[in-house]
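Chains A and B, in that order, are what the protein sequence lines are. Numbering follows my numbering, with no gaps: position 124 of the first sequence is 124. Numbers given in my numbering equal positions in the second sequence, counted from 1, plus 229.
Hints are supplied without guarantee of correctness; some may be wrong.
Unchecked claim - What follows is a list of derived Cβ distance ranges for each label pair: (1) N345/B with R229/A: 52 to 60 Å; (2) T223/A with G302/B: 41 to 49 Å; (3) G302/B with G106/A: 20 to 28 Å; (4) K162/A with G414/B: 53 to 61 Å; (5) G395/B with L181/A: 35 to 43 Å.
Calculated directly from the structure, the hints in this document are not laboratory data. Yeah, the Cβ is synthetic: ideal placement off N, Cα and C, and Gly gets one too.
The residues making up each chain are set out below.
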Amino acid sequence: MQPGKPLWIGIQFHLDEGWHIYWQNAGDSGEPPKVQWELPPGFAVGPIQWPQPVRLGGGSIIDYGYEGEVLLMAPIDGPPRSEAISAPSISAGVKYIVCREICVPGKAHLQLSFPEAGDTSKRRTLFGQARARLPKPAPASWRISAESDKDRFLLSVRTNSKVQRATFLPITPGEIENSALQRFVSTGIGFRLELQKSSQLTKSISILKGLVVLGPDRAFEITAPVVSR
Amino acid sequence: MIKRFGALVVVGLAILMGFSVAWAARVGELAPDFTATDTNGKVHKLSEYRGKFVVLEWTNRGCPYTQKHYNSGNMQRLQREWTGKGVIWLTVISSAPGEQGYVTASQENAYLKESNAAPTAVLLDTTGAVGHLYDAKTTPHMYIIDSQGTLIYNGAIDDRPTTDLGDVNGAKNYVSASLQEATSGKPVSNATTRPYGCSVKYPR
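Looking at chain B on its own, in the form it has when it is part of the complex (with noise of 0.2 Å):
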């Protein structure tokens, strides 16, 4: 019984990667829809902000492609920027159980008062169905989603792919220049970038 119930799960996980590959999220298309919960029990189902820019925010606290951005204070900043002119940010953690990065919901809100982080919301993906969805490599890997619901971002949030803190400062923040063109009615320069850092710890 245990072991057929396990063969099932394989199978699905099988069918839910292979369409993740054929139907990544591409920059021009339609934003894949998905349903998440959050650290506050709070359902988000991305059709419903249609209107509004939303971020996607791949994250794993553990990494240190992801400690650059918040120990120098740079995420917590878009974070508060953009939200503060009407954006939503989601912030969506991928980690497994057993894995890197992943948090229990009370785990990851005493930690966004810690580090004093500012999203709309984070996501609790632990099956890696909306990692999958939209082919999410790596920590962090930033999309941005426009009012009509079409993809206009997908790729790294900087154009310094390090670990180091001093590479914070001089950088092109891909997830501001691109929110700042679309925001202001012009197409995005860069929509498409090859994201860095740790790779998402998906359940194996």
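So that you can see chain A by itself, here it is in the shape it has in the complex (with noise of 0.2 Å):
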């Protein structure tokens, strides 16, 4: 530990074949793991950086998670001298439900101490792969807009570039429909998308924020601001 460099910890998951865990919004069903951290005095930790979901299920209901292996990392921010502690422990409750044709709920308590222990380079490694799939934001030359009719968000974005393909998933629940198709125009410049509100939608909303997905690995987030028409 190094005061004034920013420190991440991560809790990993091992999911065996045919199981997902959810992400922030976890879409139809389930629910998006919870974490409760316990730390030394002068400790805190950010938000979890939750990288690119993938969409799950089928027919009515898409849900949104991971599958395989995944870490959820989140940023720590500590005392500026670390001469403050000696041997400092953090602690993390995790509650989650995991689900594969049917959920199961479970819990872990897990726990850390510095200096940790293992292969620092394995740790790198995991983290640099986790850091890679997380989205990124939407670049500044990007131009993002949305237009709200009675059943539809249509999301328009200029990226100065030839989209071949994209697809939207909403940061918050509730906003659109998640298995309705997302009708896709390539522009030349960039895209659009039609996006069918959810019927669990039931007051305008002023920003769309959610992830564009141009492929693997390419995800960017976005919040677009919302025109009524």
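With the hints as a guide, bring the two chains together.
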């Protein structure tokens, strides 16, 4: 641990084939893992950085989550002077639900002490791979807007490049119909996506937040101002 | 011959699902009518309950979110309280054969007794037709229909989307709150909420 240097903590899930956990927006069923951190005085943990999820399920029920290996990372702020703590220990109470065709709730109590034993380079690789799966902020050159009519949001993104395909994953639950087909139109300098509103959406919204996915490990986080027409 | 029959079934399903998205039950509109058979072989037609309030409860007893409400006795309590006040409570099982939560009529009747449940009836919706008609997503997923046949509530059972039994106490129960308001002539404050639970195990 070095004072002033960013520190990351991660909760690692190894999921057997066919099983999944959920993204921050679980979609139509399930729920995201919840973490209760216990930290030494002077430490604070930031929000979980959710990697790019995949669409799960089929038919009228679509969820968002992870299969296989996933690391949920969060930044840690320590006290400015490291000598203030000799051997800090951090623990995390994790509650999650893991599903296949069936769902099983679980919980774990994880603990970590510094300095951490084991292979540093392995950990570096693990965090590096997880970082590569994080959505990136949308490039500043993109022009993003959304129009709202009775049943749909029409999302327009000008990327100044040709886009072959794109999907939108909503961060806030209950805004778009997860199972509805997203009609994609390439405009040559970007794209438009037609998103069906969720039947759970009962009031108008002024921003649409989510990920624009252009391919594997190519997810961009966007916030689109919504204009009613 | 078998192949052609299989193709027909697939086409039929696709059309049904297409309709369910377009016509999904919306709060404030007439609740879609259906007929379904219960675990005692009795046929129920929703529109025949006009004049009464009707609750639809999607269930799957293998689902931990459903178990939260049955193992705590919460669901049975609600069923008993509201059927006692003249409300028709229809529990619906849309699990397909081979999927979690699928039960035969006699298995379900035994479970009702064992769990001390008290719905008006349990409907066996093994094709998922009623589930798709209402676009039921989760177990539990709750709907309330008023005495005029209008859908007045669509959503979660309460505001604690977890599997923890301890969360039942202290949760705001949307079904009770909505029925209380509606049966005393008041508009329902939270008429649409996000349902939570396991996915409904429709035929694949």
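Evaluated hints:
no., hint, verdict
1, N345/B with R229/A: 52 to 60 Å, "holds, 54 Å"
2, T223/A with G302/B: 41 to 49 Å, "holds, 44 Å"
3, G302/B with G106/A: 20 to 28 Å, "holds, 24 Å"
4, K162/A with G414/B: 53 to 61 Å, "holds, 59 Å"
5, G395/B with L181/A: 35 to 43 Å, "holds, 40 Å"
Figure legend: structure checked against the earlier numbered hints; every hint is met.
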